[in-house]
Amino acid sequence: MKKVLQVSGVTKRFGGITAVGGVSFDVFEGEILGIIGPNGCGKSTLFNCILGQLMPNEGSVKLDGRDVTGMRPCDLNRLGVSRTFQLLQVFPQLTVRENLILSGQEHQGSMAGRLFGRRDAGLGAEADKMIGFFNLGHLAGEKAGGLSYGQQKLLDAAMAFMAGPRLVLLDEPAGGVNLTMLESLKERLRAINAEQGATFVVIEHNMEFVMSLCTRVLVLAEGRVLAMGTPAEVRANPEVVEAYLGH
Amino acid sequence: MNLDRIILLVSLFVATAVLIVLPFQLGRYGLYILSMWAVMAIGAIGLNLTLGYAGQVSLAQGAFVGIGAYSAAILTTNHWPMSVAVLVAIALCFAVGWILGYPALRVQHHYLAFVTLAFSTLAYLVFRNEEWLTKGIYGISDVPRPVLLGFKMQSPLRFYFLCLASLGIVTLLVGWLIRSPWGRAFVALRENPIRALSLGIDTRRYTLMAFAIGSALGGVCGALYAPLVEFIDPTPFTLGLSLNLLMMVIVGGAGFFAGPFLGAAISVLLPEWLRFTEGYYLLIYAVFVMGLLIYSPTGLLGILDKYLTARSTKKASAARASATATFGAQS
Ligand SMILES: Nc1ncnc2c1ncn2[C@@H]1O[C@H](COP(=O)(O)OP(=O)(O)OP(=O)(O)O)[C@@H](O)[C@H]1O
Ligand SMILES: [Mg+2]
Chain A
1 MKKVLQVSGV TKRFGGITAV GGVSFDVFEG EILGIIGPNG CGKSTLFNCI
51 LGQLMPNEGS VKLDGRDVTG MRPCDLNRLG VSRTFQLLQV FPQLTVRENL
101 ILSGQEHQGS MAGRLFGRRD AGLGAEADKM IGFFNLGHLA GEKAGGLSYG
151 QQKLLDAAMA FMAGPRLVLL DEPAGGVNLT MLESLKERLR AINAEQGATF
201 VVIEHNMEFV MSLCTRVLVL AEGRVLAMGT PAEVRANPEV VEAYLGH
Chain B
1 MNLDRIILLV SLFVATAVLI VLPFQLGRYG LYILSMWAVM AIGAIGLNLT
51 LGYAGQVSLA QGAFVGIGAY SAAILTTNHW PMSVAVLVAI ALCFAVGWIL
101 GYPALRVQHH YLAFVTLAFS TLAYLVFRNE EWLTKGIYGI SDVPRPVLLG
151 FKMQSPLRFY FLCLASLGIV TLLVGWLIRS PWGRAFVALR ENPIRALSLG
201 IDTRRYTLMA FAIGSALGGV CGALYAPLVE FIDPTPFTLG LSLNLLMMVI
251 VGGAGFFAGP FLGAAISVLL PEWLRFTEGY YLLIYAVFVM GLLIYSPTGL
301 LGILDKYLTA RSTKKASAAR ASATATFGAQ S
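Line by line, the protein sequences give chains A and B. Yeah, the first sequence ends on 247 if you go by my numbering, and it's all consecutive. Yeah, the second sequence ends on 331 if you go by my numbering, and it's all consecutive.
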C-alpha cells in the first residue's frame with residue numbers, strides 16, 4: 001500500500017517538557033488512523049508538528065515521500081492536506097456559506113485571479129453541496145458565530161473538506177457533539193473516505209467512535225508510541241489497558 | 001432582510017442626492033468643510049480596510065496622508081499634472097505601506113500600534129527636516145488645483161465635486177474588493193489567522209496587501225488634501241491626524257463598510273456644529289466618544305448591527321418555532 005504520510009522520529013520540547021518524544025508512524029492511502037491517549041500526552045502537539053504550526057526539534061515529516069518538515073501550513077494545505085483544531089475554529093462573522101467558500105478559495109487560480117474573478121471563486125455550488133452533506137441547509141446564510149456548538153463543530157469539519165483534500169487530520173471532531181450528530185458525523189467521514197478516497201488521521205477520546213470508525217489505532221502515552229494496530233489488537237494490549245483503557 | 005435592503009438603497013439614494021444638491025446652497029466655507037469630509041473619508045476608508053477588515057492596527061494613516069499630500073504638492077508646484085501626482089502618491093504609499101506591513105508579520109495589537117506610531121513620528125521628522133524636498137516648516141504654498149479634461153477645478157464648487165467623485169470611485173473599488181474573495185480572506189485574517197493559514201490562505205501576503213492598499217488610499221486622501229487647502233506644511237501630519245483617522249474608523253464602526261463615512265462626518269462636521277460652545281467642543285467630542293465606546297465598542301454602526309441581528313434572530317427563532325409546531329402536528 002502507498003504511504004501518504006511518513007512521520008519519523010518527531011520530537012518537540014517546550015522548555016524542559018518533552019511533549020512529543022521521537023514518534024514515528026506511517027499513514028497509508030485510504031485508511032482511517034485513530035490516535036488515542038490520555039490528556040496531555042502530546043496528540044495535538046504531534047499534529048502541530050506534522051502540519052507546520054510548530055517546528056519539531058527533531059525528526060521529519062514526509063508527504064508522498066517528499067520532505068515537508070516545517071513547511072508553512074498554507075503551502076501544505078495547497079498540497080491537499082487539511083485539518084481541524086481541537087478548539088472550535090470557524091469564522092464567526094462570516095456566514096456558513098462564506099466559511100465554506102473561504103475554505104476552498106485559495107485552491108483556485110492565483111491571488112490576482114481571485115481579485116478579478118468571481119465573487120464566490122466558483123465555489124458556490126460546491127459549498128451548497130457541502131452544506132447539504134452536513135445537514136446545515138437551513139443555516140447557510142446565518143453567521144457562523146450564531147450557530148450552536150455542535151453545528152459549528154460540523155461546519156468546522158466541513159470546512160476541512162471543502163478543497164477536496166487527500167489527507168485530513170481531525171483533532172477531536174466528536175468533542176461536545178451529541179449522539180445523533182456524532183453518528184451523522186461518522187457517517188459523513190466514512191462516506192468521504194469511501195467516495196473520495198481521502199485518508200484520515202483522527203484524534204479522539206470517544207472510544208466507541210474511534211473503535212468503530214478507524215482501521216488502525218495509534219496509542220500515545222507521555223509523548224511516545226505505546227502501541228499501534230487494529231482496534232481489536234489495541235484493545236487487547238495489556239499495556240494499553242493499563243495506561244489508558246483500564247479506567 | 002428585503003425591507004432592510006430597501007431602507008439601505010433609499011438612504012443611499014437620499015445621501016447621494018443631498019451630497020449633489022446641498023453644495024449649491026453652500027458658501028465657500030461650507031464647501032470647504034464638505035470637501036474635507038470627502039477627502040478624510042477616503043483616508044478613513046483605507047484605514048478601515050487595514051484595521052476594520054484585516055484587523056491590523058495602524059497608527060500611521062496620517063503619515064500616508066502626509067506622503068500623499070507632499071507628493072502632490074511637490075509635483076504639481078513643479079508643473080506636473082494632478083493625475084501623475086495622484087498616481088505617484090498611490091504608488092509611493094502602496095510601496096511604503098507594504099514595507100510597513102512587515103512588522104505586522106511579527107507583532108500584533110498594541111505592539112504593532114507602537115511600531116506604526118514610530119513610523120508616524122519618523123515621517124513627520126522627514127517632512128519637517130528634509131528642507132531640500134519639503135521646504136521644512138516654511139511649507140509649500142500655492143499648491144494648484146487641477147485642470148481636468150480642460151476644466152479648471154479652481155472654484156470651491158468644482159473642486160468639491162472632484163473630491164466627491166474621487167470618493168465615489170474609491171467607494172466602488174473598495175466595495176468591490178471587500179466583496180471579492182480577498183475581502184473574505186481579510187476578514188479571516190482578522191478573526192483567526194491560524195485557522196486561515198491552515199486553510200491555505202497566505203496570511204503573510206494578505207497582511208502586506210491590507211497594509212499596502214489601506215496606505216495607498218491614505219495617499220489618495222493626501223493628494224486631494226494638498227490642493228484643497230492649497231498650502232502644505234508638516235503641522236497637519238503629526239500623530240494627531242493618525243489618531244483622528246483612527247477615531248473616525250472606530251466611532252463609525254470598524255469593519256462596517258459605511259463606518260468611515262459616518263466617522264469622518266462626525267469628526268469633520270461636529271466641531272462646526274459645536275462652534276457655539278467655543279473652546280469646549282473638543283471636550284464634548286471626547287466625552288461623546290468615550291460614552292459611545294463604553295455603550296458600543298463596535299461604534300455607531302455596531303448599534304445598528306446589534307439591533308438588526310436581534311431582529312433577524314427573533315425572526316429566525318419564530319420561524320423555527322412555527323416549523324417545530326407544524327412538525328409536531330404532522331407526527
Ligand atoms: N505551546 C506550548 N507551550 C508549552 N507547553 C505546551 C505547549 N503546547 C503543549 N504543551 C504541553 O505539551 C504537552 C502535550 O500537550 P498536547 O496539547 O499535545 O496534549 P494532548 O494529547 O492533545 O491533550 P488533550 O487530550 O488534553 O488534548 C502538555 O504537557 C502541554 O502542557
Ligand atoms: Mg489535544
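Bear in mind the hints are in silico, worked out from the structure with no lab data behind them. Accuracy of the hints is not assured; some may be wrong.
Stated by the list, open to error - Result set (DSSO-like, lysine-lysine): computed pairs, CA atoms no more than 27 Å apart in a straight line: (1) B:135 with A:143; (2) A:3 with A:62; (3) A:143 with B:152; (4) A:129 with A:143.
Claimed, not checked - According to the in silico footprint, chain A covers these stretches of chain B (three or more CB under 8 Å from chain A): (5) 15-21; (6) 176-184; (7) 225-237.
Idealized CB from N, CA, C, for every residue including glycine.
Right, here's what the structure says about each hint:
In summary, the hint linking residue 135 (chain B) to residue 143 (chain A) is not supported, as the alpha carbons are separated by about 53 Å, beyond the 27 Å threshold. Annotation: proposed proximity of residue 3 (chain A) to residue 62 (chain A) holds, straight-line Cα distance about 9 Å (limit 27 Å). Taken as a hint, the residue 143 (chain A) and residue 152 (chain B) pair is broken in the structure, with Cα atoms around 49 Å apart against an allowance of 27 Å. The straight-line distance between the Cα atoms of residue 129 (chain A) and residue 143 (chain A) is roughly 18 Å, inside the 27 Å bound, and the hint therefore holds.
Counting residues of the segment 15-21 of chain B whose C-beta sits closer than 8 Å to any C-beta of chain A gives 0, which falls short of three, so the coverage hint is violated. Check on the segment 176-184 of chain B: 6 of its residues sit with their Cβ under 8 Å from a Cβ of chain A, so the three-residue criterion for coverage holds. Counting residues of the segment 225-237 of chain B whose C-beta lies closer than 8 Å to any C-beta of chain A gives 0; at least three are required, and the coverage claim is violated.
In summary, the structure is inconsistent with hints 1, 3, 5, 7 from the numbered list given earlier, while agreeing with the others.
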